[in-house]
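Chemist: Using our numbering, read the sequence shown as starting at 7 and increasing by one per residue.
Some clues are possibly wrong.
What the hints assert, rightly or not - Now the in silico label distances, taken between C-beta atoms and shown as ranges:
hint: 1; residue 1: Ala454; residue 2: Val227; range: 20 to 26 angstroms
hint: 2; residue 1: Ala440; residue 2: Phe12; range: 39 to 45 angstroms
hint: 3; residue 1: Gln276; residue 2: Phe299; range: 31 to 37 angstroms
hint: 4; residue 1: Ser43; residue 2: Glu281; range: 19 to 25 angstroms
hint: 5; residue 1: Gly419; residue 2: Ile181; range: 43 to 49 angstroms
hint: 6; residue 1: Asp465; residue 2: Ala318; range: 27 to 33 angstroms
hint: 7; residue 1: Val227; residue 2: Ala440; range: 28 to 34 angstroms
hint: 8; residue 1: Ala422; residue 2: Leu187; range: 47 to 53 angstroms
hint: 9; residue 1: Asn100; residue 2: Leu460; range: 51 to 57 angstroms
hint: 10; residue 1: Asn100; residue 2: Ile180; range: 27 to 33 angstroms
hint: 11; residue 1: Arg472; residue 2: Tyr69; range: 24 to 30 angstroms
hint: 12; residue 1: Trp103; residue 2: Ala316; range: 56 to 62 angstroms
Simulated from the structure, these hints should not be mistaken for lab results. Just so it is clear, the structure is predicted and the values come from calculations on it, not from any experiment. Built from N, CA and C at the ideal position, the CB exists for glycine as well.
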Amino acid sequence: MKRQYFCVAVLTVVNGLNFMDRNTVAGVLSDIQDTFSISDQQAGLIQTLFFCFYMFAAPLFGYLGDRYNRKYIISCGMVIWNLGVIGCSFVPANHFWLFLLLRGVVGIGEGSFSIIAPTIVGDYFTGARRAQMLTVFYIASGVGSGLGFVVGSSVANAAHDWRWGIRVGPVVGIIGLILVLLVVYEPGRGASDLEEINDASEKTVTKVDAVVNREPYWKDVVYLFGNPTFLFISIGTIMNQLITATLSWWAPTLFFNARAAHKDFSTTDQLTSTEKDEITLTFGGITVAASLFGVILGTVMSQKLEHSKASALAPYRLRAEPLVCMFGSIIGTPAMFVALFMAKNHMIVTYCLLFVMICGVAFPWALSTHMNIRVVSPQRRSVASAWQIMFAHLLGDAPGPWIVGLISDLIRGDDASPSGKFHSLFIALLFPNAVCAASILFYGLGSATIVRDLKIVADELEETARQKALKAKVNDGFDDVSLTSN
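Using the sequences and the hints given, assemble the complete structure.
Modeler: What follows is the structure in structure tokens.
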């Protein structure tokens, strides 16, 4: 088995850990609210601040990732994030501000990995195999998210302390760090693309960077803002991130309050640990299964469409990926809407609809990254990843949970009953549902521009390959002259 597959396996495991850590906090959020005596708005601020630090670090990591050894950058980031998580678990109850600050530090560390790791995977492979490996990589996002709910809540209940629920991540994180340092290697930027063009000629593609970015950073930014497919897919990604972040953050709390309200309890504390475990395990299991199925199904659908021989589908082949993303949002929007209405009294129906919804919104997770790799020049892919992630968090993950918490507080007023909390959260979660509907438009626009941008990148790569082949031929000529003279 090629070494690249071992590297992808390690990066996939760490990616799962990355997402698991984010959602261990969501799995014990009601306990954190009790410990620090905070409102829904303040609880939403935990995730908002995490992503604020995450997104402000993104441009720096994007710049470094296109110019320096990516393996060591993500290793340093892993050290930062694990130290931050450990620190969070020791914050006293009267220092909520410190808890917020340390969650922000965790965001900086996790950001380095999320921005740079996909570009490493992209440089190991090309074509359909690249799409498949990115699918494997992003499957871990959903699996890790689901495990976060389950592990965080289960360990916290077993230890009778939510702090132990978030201490699990760093233990696994140390193992992940060692594996990254020992197994992962730095591929040449764009090397796989040039190998495909040059038929793997050793003269033109070596283990060093095939394409090196020596231009000023501002030119990278101008290039990205002049790339319509990148912009449209990035806006779709922003909306997708907002949906998944707000649902992941608030769904367990919504279901706790729904169960307590259904039983006419005065507080969610009256729920037994078994009932809480049942909710988090069920939601976590649905998240894992639906994410896994959605990421795989989205990739399979796009590849089937792209390689279809049916003449009627010919106009849609190169547009397959954005069209499948659009279809996912079309599925997810009504499923989420009906699920929210059913949540209080029909939990089984709600869980089934949530499976459909999460499956639909998971379609773009691997496809959006693959599209950006395909429509962006190799020497600018880390910067592209950084800017997309920065805006996805600036306008998606970061404000989403806080906005929903704010809307919930405004609607609920002084009603602290589970029924009041459920009703206000239910109304507030209609906001990300509307965003899901809006994402359909931008994925559709991306499908209209992607053919043009794919051709631009293909032409650039062919020109780069031609220049390198010419340079190699000239060097061979000099070598022959030198041997003759000797």
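Chemist: State for each hint whether it applies.
Modeler: These are the hints, each one checked on the structure:
Separation of Ala454 from Val227 is about 24 angstroms and conforms to the stated range, judged on CB atoms against 20 to 26 angstroms. For the hinted restraint 39 to 45 angstroms between Ala440 and Phe12, the CB-CB distance of approximately 43 angstroms keeps it satisfied. The beta-carbon spacing between Gln276 and Phe299, approximately 35 angstroms, falls within the hinted interval of 31 to 37 angstroms. Distance hint check for Ser43 and Glu281: the Cβ-Cβ separation is about 23 angstroms, which falls inside the suggested range of 19 to 25 angstroms.
At roughly 47 angstroms, the beta carbons of Gly419 and Ile181 sit within the given window of 43 to 49 angstroms. Between Asp465 and Ala318 the Cβ separation comes to about 29 angstroms, which falls inside the hinted range of 27 to 33 angstroms. Checked against the given bound of 28 to 34 angstroms, the beta carbons of Val227 and Ala440, roughly 30 angstroms apart, stay inside it. A hinted range of 47 to 53 angstroms holds for the C-beta pair Ala422 and Leu187, which are about 49 angstroms apart.
A C-beta distance of roughly 56 angstroms is found between Asn100 and Leu460, which places it inside the suggested range of 51 to 57 angstroms. Between Asn100 and Ile180, the C-beta spacing of about 30 angstroms keeps the proposed range 27 to 33 angstroms intact. About 29 angstroms separates the C-beta atoms of Arg472 and Tyr69, a value consistent with the hinted range of 24 to 30 angstroms. Taking the beta carbon of each, Trp103 and Ala316 are about 60 angstroms apart, inside 56 to 62 angstroms as hinted.
The earlier numbered hints are all upheld by this structure, with none contradicted.
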